[in-house]
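Undergrad: Listed below are the residues making up each chain.
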Amino acid sequence: MAVHEKYSEIIDVCRRFAAREIGAAALAYDLETDSQGVKALWTKSCEVGIPGLLIPEESGGAGQSALCCALVLNVLAAECAGMASLFADHFVACHTLIRAGGKESERCLQAMANPAIDDPAIAAVVFPSEEEEDPVRIVESEGKLLLSGRTALTGNTSLAQHYAVFVKERDGKITCILVEGGTPGVSVGEGANLPGLKVNPFAPVTFKEVEIGDRFLVTERGSGRELMESAQNLFFGFVAAIAMGTAQRAYEKAAGYARERYQFGTTIINHPEIQRMLGTMRMKLGVGRAAYMDVFDGGERDAGLTKAFCTDAALEIAVDAVQIHGGYGYMHEYGVEKIMRDCKVLQLLGGRNGSLIIESIARELR
Amino acid sequence: MDHLAAKYGLSSDAPDLVTTVPALGKLKKIRPSYIKRAESAQVTGRRFAREEILPRVLEIDKECTRDPRYFDWDLWRKANDEKLTVALIPREMGGLGYTALGATVLCEEMTSACMGITANILFNNFGLLGALVEFRTGIVLRIIRDMVKAQRRGEPLFWAWAITEPSAGTDVEDERAMATMRPSTHAEKVSGGYRINGTKCFITNGSLAHYVIATIPLDRSNPLESIATFLIPTSSEGFSVGKVERKCGQKASQTAELIFEDVYVPEENLWEPPGRGLRHTREILSTTRGFIGASALGVARGALERCIEYASKKKIGNHFLIDEDWVRYAIADMIKDIKTVRAACYNFAISVDTYHVMGLFESLPVKTALKMIPERILLSEFVQTIGGLSLVESLAGKIKNRMVSDATVERFVKEGSAVKVAGTDLAMNVSSRVLDIVGLEGMSHRYGMEKCFRDAKVTQIYEGSNQACRLDLFHQEIGSPQ
Ligand SMILES: Cc1cc2nc3c(=O)[nH]c(=O)nc-3n(C[C@H](O)[C@H](O)[C@H](O)COP(=O)(O)OP(=O)(O)OC[C@H]3O[C@@H](n4cnc5c(N)ncnc54)[C@H](O)[C@@H]3O)c2cc1C
Chain A
0 MAVHEKYSEI IDVCRRFAAR EIGAAALAYD LETDSQGVKA LWTKSCEVGI
50 PGLLIPEESG GAGQSALCCA LVLNVLAAEC AGMASLFADH FVACHTLIRA
100 GGKESERCLQ AMANPAIDDP AIAAVVFPSE EEEDPVRIVE SEGKLLLSGR
150 TALTGNTSLA QHYAVFVKER DGKITCILVE GGTPGVSVGE GANLPGLKVN
200 PFAPVTFKEV EIGDRFLVTE RGSGRELMES AQNLFFGFVA AIAMGTAQRA
250 YEKAAGYARE RYQFGTTIIN HPEIQRMLGT MRMKLGVGRA AYMDVFDGGE
300 RDAGLTKAFC TDAALEIAVD AVQIHGGYGY MHEYGVEKIM RDCKVLQLLG
350 GRNGSLIIES IARELR
Chain B
0 MDHLAAKYGL SSDAPDLVTT VPALGKLKKI RPSYIKRAES AQVTGRRFAR
50 EEILPRVLEI DKECTRDPRY FDWDLWRKAN DEKLTVALIP REMGGLGYTA
100 LGATVLCEEM TSACMGITAN ILFNNFGLLG ALVEFRTGIV LRIIRDMVKA
150 QRRGEPLFWA WAITEPSAGT DVEDERAMAT MRPSTHAEKV SGGYRINGTK
200 CFITNGSLAH YVIATIPLDR SNPLESIATF LIPTSSEGFS VGKVERKCGQ
250 KASQTAELIF EDVYVPEENL WEPPGRGLRH TREILSTTRG FIGASALGVA
300 RGALERCIEY ASKKKIGNHF LIDEDWVRYA IADMIKDIKT VRAACYNFAI
350 SVDTYHVMGL FESLPVKTAL KMIPERILLS EFVQTIGGLS LVESLAGKIK
400 NRMVSDATVE RFVKEGSAVK VAGTDLAMNV SSRVLDIVGL EGMSHRYGME
450 KCFRDAKVTQ IYEGSNQACR LDLFHQEIGS PQ
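If you're matching them up, the sequences are chains A and B in order.
Residues in the first sequence are numbered consecutively from 0, following numbering that gives the first Met the number 0.
Residues in the second sequence are numbered consecutively from 0, following numbering that gives the first Met the number 0.
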């Protein structure tokens with residue numbers, strides 16, 4: 000991919016970091032998440048500048064593009080899609096604060112670009128949900144702005160210090176608010192225990208009359224729709240990049256295993272059916288990779304559809320990779336079934352693919 | 000709209016065998032007792048699934064994630080009290096006397112709640128299936144007696160069927176493949192018996208088994224012509240259990256590595272002589288592949304039923320999830336697939352009852368004996384001794400071999416493979432698609448659907464990978480290339 004050679008150095012550094020630090024811990028964290036360990040890994044990742052990748056240089060970050068972030072997520076995901084998903088949530092929150100600007104945003108961005116060693120500043124992003132009984136709302140009481148309600152399952156929760164919260168107001172307009180993790184009234188609910196992306200503490204977040212005050216309004220009230228849509232699209236693009244990264248690893252593992260496993264009188268890569276499976280994986284990887292990069296290259300490509308395509312393809316690839324490993328593929332220590340579980344969760348991040356596909360057309364009719 | 004009107008499957012205790020496959024209604028008119036027995040299997044299975052398995056399934060899954068050796072003995076005992084552990088043994092001898100159809104329905108009901116737990120309870124019947132292969136009456140009667148006695152004492156008597164080796168999975172199930180197999184086990188003829196060395200892997204119940212039925216070659220360089228089937232008590236010196244695997248799903252069912260170090264097996268435990276081991280394997284596969292298909296069908300059903308329940312209650316804005324058009328299309332599509340595969344599974348089971356080994360229980364000599372002789376005597380040492388007489392064994396063997404010829408076995412491997420691939424692909428597709436519908440929250444452990452997905456994957460791998468099954472299907476239907 001010649002166009003992206005300018006990122007090759009960063010990507011190589013991140014790839015080496017991921018192989019060294021994330022690869023070693025991924026299977027253990029999949030069994031039992033250890034938030035201290037994850038925070039330590041995050042701090043380590045600062046050495047190669049990952050948390051501040053998107054943050055402008057004047058705020059202390061690397062000022063890289065979203066495409067660069069996506070390419071980095073892609074190589075992180077090769078080692079662990081769950082770890083990559085932590086950074087994706089964080090990048091999207093950063094993007095929101097960068098785009099919105101303002102003093103409070105700036106303060107957070109600086110903290111995130113140069114995090115404290117023992118307690119790194121990690122960000123999360125919350126999108127409105129139609130599925131909660133008590134959706135998040137802004138209410139005014141005695142002249143104060145208060146945030147109340149419960150979010151849908153959100154990533155990064157218990158790790159996060161800063162939440163960029165998009166709220167759907169009663170009139171349908173969108174407002175974005177910055178909420179600090181430790182603020183009274185903010186509590187993280189019980190973890191969802193999803194089948195994959197285990198390091199990411201998905202949970203609902205409850206806001207109980209959280210005082211927000213004017214200075215924490217990231218957007219002016221009711222004017223955040225465009226920002227939210229750009230954040231959502233960015234998230235879709237990132238999820239697609241992660242899906243392709245982890246699926247790429249599933250493919251490599253399967254191809255490697257097929258070259259070694261002897262069955263039916265030969266190494267199984269010589270069986271045309273195995274070649275068909277591997278070839279199909281490669282076909283999907285090629286198209287998926289081109290598609291997600293296109294999202295960031297200012298192409299016209301629909302980010303939601305790209306996420307749907309890439310995550311569906313990733314799951315298919317992972318399922319076949321398990322199959323090629325036979326019984327070994329089903330065992331935790333080989334790390335392929337983990338990829339399959341991770342991909343299953345990636346498919347549902349940011350919304351159901353079935354809905355996104357329909358919405359891509361329905362939206363044009365409104 | 001009242002979606003709850005459509006309560007069925009796991010969310011209802013009303014039996015629906017004849018309603019779901021109406022052709023069985025016709026059969027019921029012709030052979031009422033046959034269908035009634037299957038209906039009773041459905042009632043028993045569904046009740047056990049709803050009352051005993053469902054309340055504990057998620058906790059057991061969690062416990063087994065922490066410790067792959069965790070086993071819920073309490074639940075197993077409940078199943079044992081209901082004789083589910085001896086479901087295939089004739090009623091006259093102390094079992095439930097389920098036919099293949101009955102057992103299929105029972106599997107489907109129980110796996111709709113949890114396939115791993117079902118494996119702990121029902122897959123033990125492998126012991127009997129293994130013994131039925133040669134139909135050596137002495138062995139069959141002894142095994143039935145041991146199983147029934149253990150059941151009555153409330154004690155486990157576990158069987159494992161060990162064919163897979165670290166270096167050979169597909170290769171131990173297929174003639175063309177076995178010719179080039181690189182064995183990890185070896186049996187050596189010694190005075191009075193055999194000495195066995197090597198490792199078997201991924202053996203269901205291997206860590207709990209009292210007996211292992213294993214295929215092992217005498218000549219490593221010529222496995223096809225030297226592979227034999229042994230019955231190995233796990234109390235034998237030199238036998239040990241290696242690691243118990245940490246798996247993606249079906250965690251309640253233990254999968255273990257078995258290690259043989261100079262294990263001595265007496266001559267009488269040679270079930271199949273060298274060169275006949277693969278035939279033994281194929282005969283077991285000729286029935287079990289169909290059962291795996293039906294069990295996987297149960298997994299698919301369980302996933303879909305949970306999804307319907309969830310989607311009927313999940314509000315999105317001002318409507319329910321199940322009211323979304325694409326969700327309805329998807330659910331309809333899955334119901335269509337489940338109906339089709341279920342008909343195929345029952346068709347397979349009825350064929351096994353009619354043309355395969357289960358027909359033996361319906362054959363005149365066996366039926367008469369079961370009717371005339373009291374249970375006390377059927378289970379006695381005396382009858383077992385008579386059954387072990389070579390005259391009786393060879394007579395019984397003849398009857399059985401006429402019924403289950405080599406051609407029958409290969410035909411059923413083919414039919415079973417078709418059902419196995421259909422059922423297991425269904426389980427994988429449905430359990431995955433269901434998660435696409437319910438979304439991130441619905442995918443949480445507590446709703447049980449993601450577990451169906453994790454459980455489903457292995458069904459495409461074991462009992463002959465779906466690739467191996469497709470190869471069998473092609474070769475038996477179209478013929479082998481030269
Ligand atoms: C949970 C679990 C429980 C099990 N329980 C038991 C048990 O109780 N007893 C027992 O004996 N075994 C058991 N097994 C083992 C199981 O039967 C094997 O895993 C299975 O037969 C596949 O063998 P393998 O794993 O060695 O894969 P391989 O045979 O090594 O196959 C690897 C891949 O290559 C493919 N392949 C092989 N040959 C060809 C070909 N010619 N063309 C195209 N593709 C090909 C296979 O389909 C597979 O995708 C269990 C396995 C699991 C995971």
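Worth flagging that the hints you see were computed from the coordinates, not collected in a lab.
Just to be clear, a hint being listed does not mean it is correct.
Claimed, not checked - Calculated cross-link-like contacts (lysine-lysine; reagent style DSBU-like; alpha-carbon spacing at most 35 Å):
no., chain 1, residue 1, chain 2, residue 2
1, A, Lys-38, B, Lys-61
2, A, Lys-252, B, Lys-413
3, A, Lys-43, A, Lys-5
4, B, Lys-61, A, Lys-143
Undergrad: Would you mind confirming whether the straight-line C-alpha gap from A/Lys-43 to A/Lys-5 stays at or under 35 Å?
TA: It holds: about 24 Å lies between the C-alpha atoms, which stays within 35 Å.
Undergrad: Does the alpha-carbon distance linking A/Lys-38 and B/Lys-61 stay inside the 35 Å limit?
TA: holds (25 Å)
Undergrad: Between the alpha carbons of A/Lys-252 and B/Lys-413, is the straight-line distance 35 Å or under?
TA: Holds, at about 32 Å.
Undergrad: Would the hint linking B/Lys-61 and A/Lys-143 be met if the CA-CA limit is 35 Å?
TA: violated (45 Å)
Checked against the numbered hints above, the structure violates only hint 4.
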